[in-house]
Structures are given as C-alpha cells and as structure tokens.
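Visitor: Here are the chains, one letter per residue:
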Amino acid sequence: MPLLEINRRECTGCEACLEACPFGALALDEDGKAVVNELCTACRACLDVCPVDALSLPEVERVARPEKDTCQGVWVWIEQFQGQPCSISWEMLGKGKELAEARSTTLAACVLGHGVEGIAREAIAYGADQVFLIDDPLLSVCRTQPYARCLAQLARMYKPEIFLLGASSRGRDLAGAVATELHTGLTADCTALDIDPETSLLRQTRPAFGGNIMATIICPNHRPQMATVRHRVFETPHPDPLRQGEIIGEQPLLSEDEIAVKVLEFIPQKEEVNLTEARVIVAGGGGVGGAEGFGPLRELARVLGGAVAASRRTVDEGWIPYAHQVGQTGRTVRPDLYIACGISGAIQHLAGMRTSRIIVAINKDPDAPIFRIAQYGIVGDLFQVVPALTEAFRQHLSASDT
Amino acid sequence: MAFRQSTGTMDQATLDFLTDLLGTDHVSVSDADRDAHSQDESFHRPHRPDVVVWPENAQQISSILKYANEHRIPVTAWSGGSSLEGNPIPVKGGILLALYRMDEIIEVREADRQVVVQPGIVCDELNEKLARYGLFFPPTPGSSDVATIGGMVANNASGMHAIKYGVTKDYVLELEVVLPDGRIIRMGRPVIKSSSGYDLVRLFVGSEGTLGVVTEITLRLALVPERMAAVAAFPSMEAAAQAIYEINRYGPIPAALELMDPQIIRLVNEWRGLELAEAPTLVMEFHGTPDGIAQEVELIRETCEYNGCASFHMAASPAERARLWEGRKEAHNACKYLNPGCSAEIGDLVVPISHYAEAVAQAYRLAEELGVRIATFGHAGDGNMHVEMLAQADDAQEQARAEEFNVRLVLWALSVGGTATGEHGIGIGKRQFMREEHGLALELMKAIKQLFDPQGIMNPGKVFPDEE
Amino acid sequence: MGNGLRIIVCIKQVPDTTEVEIDPQRGTLIREGVPSIINPFDTYAIEEGLLLRERLGGEVTGISMGPPQAEEVLREAIAMGCDGAVLLSDPAFAGADTWATAYALARAIHRMGPFDLILCGRQAIDGDTGQVGPGIASQLDISQLTYVSKIREIDPERQRVCVERLLEQGREIVEGPLPALLTVLKDINLPRAPTFMGMRRARRAQVPVWSASDLIADGAEGRFFGLEGSPTRVIKVFNPPQREGQAEIIDAQEVSKAAGVLVQKLLVDKVI
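Chains as they are written, first to last, in the numbering used here: chain A, 1 to 402; chain B, 1 to 468; chain C, 1 to 272.
Hints are computed from structural coordinates only; laboratory data are not their basis. From the three backbone atoms N, C-alpha and C, an ideal C-beta is built for every residue, glycine too. Be careful, since some hints might not be right.
[To be verified] List time: in silico DSSO-like cross-link candidates among lysine-lysine, alpha-carbon distance up to 30 Å:
1) B/LYS164 with B/LYS129
2) C/LYS270 with A/LYS262
3) A/LYS97 with C/LYS186
4) A/LYS33 with C/LYS186
5) C/LYS236 with A/LYS159
6) C/LYS265 with B/LYS129
7) C/LYS257 with C/LYS236
8) C/LYS257 with A/LYS97
9) A/LYS364 with C/LYS270
10) B/LYS66 with B/LYS449
11) A/LYS364 with C/LYS236
[Stated by the list, open to error] The calculated label-pair distances, taken between Cβ atoms and stated as ranges, are:
12) B/PRO190 with C/ASN239: 53 to 61 Å
13) A/ASP31 with B/LEU203: 19 to 27 Å
14) C/ASP218 with A/PRO197: 38 to 46 Å
15) C/GLY219 with B/LEU299: 54 to 62 Å
[To be verified] Looking from chain A toward chain B, a few residues come up when the C-beta cut is under 8 Å (computed):
16) GLY345
17) ALA346
18) GLY380
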C-alpha cells in the first residue's frame with residue numbers, strides 16, 4: 001500500500017506535487033488527478049506545496065508521540081588514534097554541550113582505548129560532565145567488533161537519549177554497527193543538529209542527492225538518537241582544564257580470543273598533501289610572476305594544512321611542476337576552500353576547480369573573470385595580501401590548536 | 001581573403017549585437033577570456049580573438065554567422081582546444097565561438113547503436129555514459145580525456161584503434177551544420193550505408209571548421225568487445241620492424257598496434273614512474289570473443305618470438321590494461337613536461353605500412369645529421385608515426401634545425417606516397433605541404449571553400465597555404 | 001566452502017545526482033531527464049568480485065532492494081560478469097531507512113544460503129550515508145571491514161581475508177575471518193564496461209524477485225520492513241542555500257584588516 005494518500009476529490013491536478021517530488025513518484029492519471037507509485041519515500045516534500053491539502057501520510061502520522069523517555073543524557077564518542085585524541089571529537093563535545101543544555105541533561109564522553117585516562121580528563125576539560133572509560137589492551141587499536149560491543153554495552157547500561165560520533169572513517173564504520181546492534185536510528189553527515197522545543201526530539205539535518213537537497217530527520221521511538229557529523233562543521237570549544245567531572249570505569253564484556261579481526265600494521269600517509277584529496281588548496285597563476293613567487297603561497301598552504309596548485313600558464317613557464325596543475329589539462333579538484341592568487345580565471349582553469357565549496361580570489365585586476373565565480377574577493381597585490389592572510393590564519397589557528 | 005581586418009578590439013556595434021543576442025554573461029572581451037582562447041596544445045604563436053562568445057544552440061550560431069558574413073568578421077569555432085596544429089587559434093582575431101558548453105548527449109538509440117550529441121562533449125565522457133549500454137565510440141585519440149567530439153569531427157581524429165575500427169569519418173552518419181551565411185543544414189542519414197548523392201558529411205569531417213560550424217552529430221557506435229592487451233620488447237628496431245611487417249602482412253590484425261622507441265620509454269618511465277624496458281616496444285590490444293582473442297594473442301606471440309622479442313607480457317583486467325597503456329598515452333606529456341622551456345613539436349606523418357620501419361630509420365638518420373633531439377612513437381599498424389622534436393624555445397638555431405628536420409622528413413614521407421598528417425590536421429603548421437601533397441587537387445579544394453565561404457570568414461589562416 | 005568463493009554484491013539503483021540540476025527560478029530539483037544508473041561505487045564492488053572469481057574461482061551474485069525497475073541495474077551487473085542476481089521488491093519495503101534496508105537485505109542474504117564475502121560500494125550517491133553495509137554485517141553477525149582500498153590476500157580454505165583500509169592518517173593492514181562484509185573505495189580497481197558477451201548473457205538472464213512474504217517465510221519479521229521498520233523519519237525536505245552569483249569583495253585598503261575580515265568569514269563558513 002503506498003505511503004502517500006491522495007484525496008482525489010480535492011486534487012485539482014495543478015502538478016505542484018509532481019514538481020516538488022525529488023524521487024519522481026508522482027504523476028497525473030487520465031483523469032488529471034495525482035497518482036503515486038512505489039518510488040515514494042514519505043519525505044513530505046509534496047505535502048508542503050499542495051495548495052488544497054489533498055495529500056497526507058497517514059502511516060507516518062500514526063507514529064505515536066515519543067514514549068516517556070527513560071533515556072537521558074547526551075553522549076559523544078571520543079575518537080583516539082595511537083593514544084592521541086582526534087579533534088573532531090572535541091567539536092562533537094561542543095555541540096553536545098549545547099544539546100545537553102537544551103535538554104537540561106548531562107553531557108558524557110565515551111573513551112575507549114588502552115592507557116587513555118588522560119583523554120578522559122581532557123574530555124572533561126572540553127565539557128563532559130561524565131566520562132565512561134573502558135581502558136583495556138584489547139581496545140588499544142580501533143576495531144569494529146570490540147569497539148561497537150563496548151559502546152553498545154555502555155548504551156544499554158546507561159541509556160543515553162542522544163549519541164554523537166564524528167564522521168571520520170572510523171566513526172562512520174562504528175556508528176553503523178552500533179546503531180544496528182542497538183536497533184536505533186542513525187543519521188550520517190549532519191550539518192545541523194538541534195532540539196525541537198515541542199517534541200524534545202533531536203532534529204538532524206543533512207544533505208542528500210549528492211548535496212542537491214537538504215533533509216531533516218528525526219528518530220521518534222528508538223534510543224539513543226544517533227548522528228555523525230563531519231570534521232569542521234561545528235566549532236571546537238575552548239577547553240577549561242579546571243573543570244570537574246566524573247570518570248566511570250567499565251570492563252569490556254568480551255575477550256581478545258573472541259575477536260577474529262587483527263590489525264597487522266599501520267602505514268602513515270606521506271607528508272605531502274595529495275592535491276585531489278586536499279580540503280584546502282592555495283593556487284597560483286600568472287600574477288605569481290616566477291618560481292619564487294610561489295613561496296608565500298606555499299607558506300599559506302602549510303599554515304592551512306593544504307596543497308599548492310597552479311594554473312597552466314605557470315607550469316608552461318616552468319615555475320612549478322606539472323603535478324600541481326589544475327584545470328582542463330591538469331587535475332580537477334573539489335576542496336572546501338580554494339584560494340586563487342593572481343589567477344585570472346581562464347575557462348580551462350575554472351573547469352578544474354569551479355565546484356570547490358568556497359573560492360577566494362586575490363587579484364590586482366578587478367575585472368578578472370575569477371571574481372565571477374568566487375564567493376570572496378580581494379582586489380590587491382597578492383604579495384601583500386597572501387602574507388597578511390597567512391599571519392591572520394596563523395593567529396587564529398594557534399588560538400584554537402589542540 | 002576578403003574579411004575585415006582585426007584591430008585587436010571588436011567594435012561596439014558588433015558587441016551590442018552579440019550581447020543582445022546571447023546575453024551579457026555569454027559574451028566577453030576580458031583579457032583573461034581572450035587569452036584562454038588564444039592557444040591550443042601546439043607551440044604555434046598564440047593569437048587573441050576580439051571577442052569570445054558562448055552560444056547555446058544552432059539558432060544563435062546561425063544569427064552570429066549571418067551577421068559576421070555580412071560584416072566580414074572572422075569567426076573561429078573552439079571546442080576542446082586540445083589540438084596540436086593551432087587548428088582553432090583565431091589568427092585573424094574576430095569572433096571566437098566557444099562550444100564546450102554545448103555538451104549534451106541528445107539521444108542514445110540503443111537498438112540502432114547510434115548516439116546523437118552536441119559538439120562540446122568530451123570523448124571519454126561520452127564513452128563513460130555509453131558503457132552501461134555495452135556500446136562505445138571507437139576513435140580514441142591520445143587526448144581522449146580532453147578532446148571533444150566537435151573537435152574530433154573537425155580534424156577527422158583517430159587513435160590507436162584506427163587499425164581495426166577506422167577513423168571519425170567512418171562513424172559520422174549525420175550532421176547538423178550552420179553554414180557561413182547562416183543557413184542551418186542537415187546532411188547525411190542515420191543509416192549504415194547509402195549511395196545517394198554526394199557525400200557532404202565526409203566533406204565536412206576533417207574540414208577543420210573552414211566550411212561551417214557543426215552543431216549536432218549522429219554517431220555510429222560499436223559493441224564493447226572482450227579485450228586483452230599485450231606488450232613485447234625487442235632487442236633492436238630492426239627486429240621490431242620485422243615483427244610489425246609480419247603482423248601487418250600475415251595477421252591476425254590486432255585492434256591496436258603501437259611502437260614506442262627507447263627514448264620515449266625512458267621519458268615515460270621517468271614521468272610516470274613505470275619500469276618498462278628501455279627497448280623498442282610494441283603495445284598491442286586484441287578485441288573479440290574470449291576464445292578468439294586468446295588465439296590471436298598466441299599467434300602474435302609466436303610472431304614476436306620468431307622475430308626475437310626479449311619479452312612478451314599480457315594483461316586482461318581493465319586496471320592492468322590501463323597500466324600497460326598509460327605509458328603510451330602519456331608519451332606526449334612526458335616529452336613536454338620533462339623538458340620545460342622546450343617546444344615539443346609533434347610530427348604526424350603517415351606512410352604506406354610497408355615503409356613504416358624505414359620511416360623510423362629515416363627520422364633518426366635525419367635527426368643525427370641535423371643535431372635534433374627526437375623521440376618517436378606511433379601507430380605502427382597504420383603507418384602513422386609521431387615524432388617529438390624538442391628544441392629550446394629561446395634557442396633560434398635549435399628551433400631552425402628542428403624546423404628543417406620536420407620539413408625534410410615530411411617531404412621524404414610524401415615522396416614515398418605518404419601524407420603530412422594522419423590525425424592532427426593541417427591547422428597552421430602543415431599548410432606548407434599542401435601544394436606538394438595535393439598538386440592540382442588543391443585548386444578544387446579552394447573552389448569548394450569559395451563555394452561555401454565566399455567571404456572567407458570561417459577559421460581563416462588554416463588549411464590553405466598563404467600563396468599569392 | 002567448495003571450490004572458490006561464494007561472493008554477494010549489494011547494488012543500488014540511484015538517480016544520477018551529477019546530472020541533477022536546480023531550477024534557477026524556484027530553487028527546486030529538476031528530476032526530468034535524470035537517468036537512473038547503477039550506484040557508481042557499486043561498480044567497484046562488482047569488479048572486485050569478478051577479479052576474485054577470476055583468480056580463485058567461485059560465483060558472484062548481485063542483490064538489490066528497490067522498485068521493479070531496479071532490475072535494470074542487476075542486469076547491468078550480470079552484463080559486467082556476475083553469475084546471477086536477485087531483486088528484493090515489494091511495496092512493504094517502501095520508505096525504508098538504512099536500518100530497515102539493512103535488515104531486509106540481511107534476511108535476503110540469509111535466504112540465499114552460505115557465502116564467503118559480501119561486497120558493497122562505499123556509499124550510495126543519493127543517500128551518501130555508507131550505513132547499510134555495516135548494518136548488514138551487524139544483522140548477519142559477521143565481520144565488517146570498511147574503506148577497503150585493496151584486498152591483499154583471501155583464503156577460502158583457511159577462511160581468512162587480509163585487506164588494506166584507507167583511513168585519514170594512512171593505511172591500515174587488517175586481517176579478519178570469513179565470512180566478512182567489505183565496503184570498497186574507488187582506489188581498489190577500475191571497473192570493466194559490459195562487453196557484448198555480457199550483454200547477451202544479461203538479456204537471457206532470469207532475475208528472481210523476492211517479496212516480503214518470501215523473507216517472512218524464511219523467518220523474517222514483517223514489522224521490521226519498510227517505513228514501519230524504520231527508526232528514523234524524514235520530516236522535511238528543502239533546498240540548500242544557493243551559491244551567490246557575485247563575489248563579496250572585501251575592501252583591501254588596509255591589507256591586514258582585510259585579511260582578518262576574510263578569516264572571520266571563512267570561520268563562519270566552516271571551511272577552516
């Protein structure tokens with residue numbers, strides 16, 4: 001039985017719902033009335049646009065009010081690698097604090113590992129009121145089975161209402177396993193999280209369809225409400241080393257011989273940031289003037305942890321090797337931040353970087369085509385602007401360095 | 001030529017006309033945009049157009065050509081800009097028609113094995129979209145990751161599969177073209193064969209944008225075959241040449257048969273970190289049914305071993321085959337980027353296949369005589385040799401020697417029945433050979449050009465030598 | 001296990017999100033003319049299955065959950081070289097979130113009988129969650145190894161597999177038992193295009209369609225399917241904020257001040 005119910009008497013055949021549906025589930029029949037097929041996912045996009053309220057989702061409406069919640073507390077998994085905490089987890093704690101306050105409840109951190117009590121204390125400094133700590137050799141390296149079992153075990157014992165994990169590779173791997181084991185809902189890569197004041201539910205917003213639409217999701221009847229969030233979506237809170245909190249130690253309920261997966265080796269990534277995977281790219285064009293001109297750009301890239309790219313002109317002139325070339329005959333990149341220095345914005349170059357999330361253009365020529373596709377522009381001499389930027393970034397980043 | 005001379009800037013009246021027709025964000029006179037469309041992948045001197053426009057359909061192009069024809073303004077069409085002979089460089093300024101935003105697949109006709117596309121779509125992207133149907137467009141130039149169908153049609157492009165599948169001309173069934181006077185004409189029929197009337201389609205394919213602007217192309221497609229690749233290294237060029245001769249003469253004919261000389265291999269090893277043996281190397285591909293290609297590979301292996309090959313390796317999976325071909329595909333880039341500050345000009349002569357080995361020997365003889373740095377690779381299966389001529393850009397002497405080498409080698413190729421260009425087109429650089437290669441037939445070509453483009457506005461300065 | 005590996009590949013039919021455009025007037029999705037394709041990441045999983053079969057023998061079977069038209073992508077998988085495929089299709093599965101999807105797929109895989117390896121793409125380009133793979137592994141109580149960039153070794157006799165996982169800080173070499181579920185990255189191989197031989201086979205192939213009652217007869221719980229079985233609900237769908245046409249030009253009279261302003265804006269945008 002289809003999820004969407006269409007009141008044929010009310011339906012005027014205006015087709016507003018057809019256009020709103022991202023899944024192509026609606027069409028008009030021979031009588032000019034809307035009909036729905038099995039592609040409907042109950043996303044509600046059509047309900048909002050129908051001018052005569054002819055659409056409803058009775059199955060969905062039937063969802064009961066959330067049961068009296070015996071679960072409470074907002075939890076965050078603290079990811080650590082080789083004994084070092086991952087900063088994405090501090091970002092989760094920052095957001096978690098906000099959610100906990102909105103729910104008038106406590107914020108707790110889950111720390112798993114071996115020899116990681118220091119991380120538990122750091123979690124308190126970053127805002128956790130409690131830390132659930134399982135410190136055991138079998139947890140020294142992150143493996144799905146023991147980690148998922150331990151987190152699920154803690155969740156069953158202490159019943160949180162919300163559980164956040166950073167959407168790193170390990171976080172996403174783990175979250176899926178934990179959510180399935182706990183038979184609860186999980187929303188990945190959220191870009192916004194907040195508490196609905198009426199229902200007290202966690203509203204989880206995330207992009208879908210390759211980022212072409214946004215969806216808000218709830219988990220009304222299952223606990224904990226789980227979500228993962230990518231690095232740098234939320235801000236890192238300022239740690240307060242004087243904060244007090246409770247560390248609750250637990251033992252794992254499984255032993256090493258029950259775990260069939262073994263990590264044999266870890267091979268760290270090479271120093272140089274891969275251009276195609278870089279989140280931040282600083283690129284130089286004709287305005288750079290020569291091989292030495294790339295110096296300030298390299299410095300900026302270093303401070304930002306990014307890669308250096310180049311336009312074809314600079315490569316042809318021999319100022320920088322071809323491996324850095326971005327554009328039609330070089331590489332295509334899609335970083336979060338692309339800083340184009342002294343690049344005019346020739347079409348062939350744009351082809352390689354136009355889908356960058358944020359483009360900053362620095363150029364002496366206010367009419368340079370690059371300003372047409374940039375979000376931010378500075379008209380000026382890159383040899384003055386770039387060092388100033390480097391300094392400004394350096395100041396900011398050292399302020400919140402973990 | 002009868003067109004209006006460029007003063008370096010477009011007059012306001014024309015700019016107004018173009019802006020009214022296309023909208024302000026489809027017209028540009030900015031330095032950056034004009035520079036971006038002033039140079040292709042060749043080392044010919046760049047030249048800026050007076051204005052760059054991005055039309056969206058044939059109707060707009062028709063209005064532009066009609067206007068340009070009346071006012072005698074040069075018009076140059078530009079699609080991928082990946083050509084090697086300066087083919088789309090607007091040497092007389094004027095209007096540059098940038099077509100790469102017209103890059104849609106209009107229709108896939110599965111049952112007929114045809115596809116209808118706009119000129120701006122990139123060759124590899126087209127084949128990626130066709131993969132799910134088990135269909136592909138066989139002519140794949142080395143630059144297939146940036147070359148567009150429009151450019152391939154303009155140049156009658158082809159690549160390593162020409163030996164088995166032929167060239168672009170063999171796959172174009174129907175064209176929609178805007179003529180210099182603005183008329184929009186369709187030519188050809190979407191059928192496999194026809195003997196009706198004069199073959200205007202094949203007149204346009206390879207005409208390098210000098211007769212009109214192609215706005216829609218119907219292509220015939222082939223079935224994606226089972227594939228296997230093989231590579232054989234030889235102790236000497238003579239041995240490799242013998243093997244090539246026997247393969248070409250006695251078969252079976254592979255789907256690709258490429259020869260790389262040790263110099264190119266050395267460059268490619270350095271460029272890509274490969275470890276190919278630095279010896280004359282044949283890279284081959286076989287297409288067909290599983291048993292069929294297995295047998296072909298065995299027969300070719302036999303031929304290679306008989307002719308003394310030092311090694312013979314096979315690759316079946318896409319990843320392995322890609323690695324094998326990586327070297328060959330990157331040959332030009334390796335030359336170019338490992339020799340910064342050099343111009344890496346690339347010759348494209350074709351000789352009857354019986355002369356192929358001789359052509360390679362001739363190239364090296366001449367290179368030694370003139371003191372020119374070269375590396376050769378090519379489609380040994382169709383007699384098409386590419387010679388990379390390296391000369392320091394700021395060394396006039398070396399440039400002159402390279403140019404002399406080029407001319408003498410091409411003239412030699414013509415003397416044994418060859419052609420100056422197998423794939424890259426005439427563009428700017430090969431005009432000097434037209435008279436020698438075609439003789440009186442060149443007069444007929446000029447007459448045809450005059451018929452289609454009496455004002456001479458379409459891509460001036462190309463194909464025809466500057467005589468008189 | 002007998003000869004070789006019994007491999008199952010999970011496949012999804014998705015709209016080609018790279019072709020989706022936003023209507024500039026209304027800011028809504030233009031769905032017309034957007035083709036349905038096989039999830040690109042799944043083609044890497046299929047290819048890996050085929051490569052393993054070529055090396056070690058065995059059988060590769062595709063499975064998909066979707067509306068009846070999802071059969072198209074299963075035929076594509078067969079055209080690439082899979083030995084067969086199963087389509088899970090039933091109105092009862094509609095509206096499933098990742099939990100309910102993983103449950104249904106796991107039940108179907110259970111019904112397919114013993115297996116050595118389940119291969120999944122890293123994520124689907126419409127949902128982008130990457131959760132169904134781990135969900136299936138959890139339901140079936142088998143090991144999961146995600147973000148696999150290379151299968152180093154696989155031994156059906158000893159029932160062990162060794163892989164390379166590509167994580168943020170570098171590569172992890174992990175060994176685990178079979179049966180296992182792997183999610184694979186694009187780094188792992190280069191998927192083949194279907195050849196005419198494969199297209200012929202796909203044309204003749206029979207793709208059985210399993211319904212909810214088929215799974216229930218095999219022991220599944222119907223209330224865990226579809227919308228009813230989904231712990232999460234979508235309550236709203238809206239359009240992301242549009243990219244501005246014009247650049248915001250920051251006054252650079254005083255360069256260090258301009259730099260500071262830019263840094264602040266980038267912080268707000270969350271790119272640094």
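Visitor: Of all the hints given earlier, name the ones this structure violates by number, lowest first.
Guide: Of the numbered hints given earlier, those the structure breaks are 2, 3, 4, 6, 7, 8, 11, 12, 13, 18, listed in rising order.
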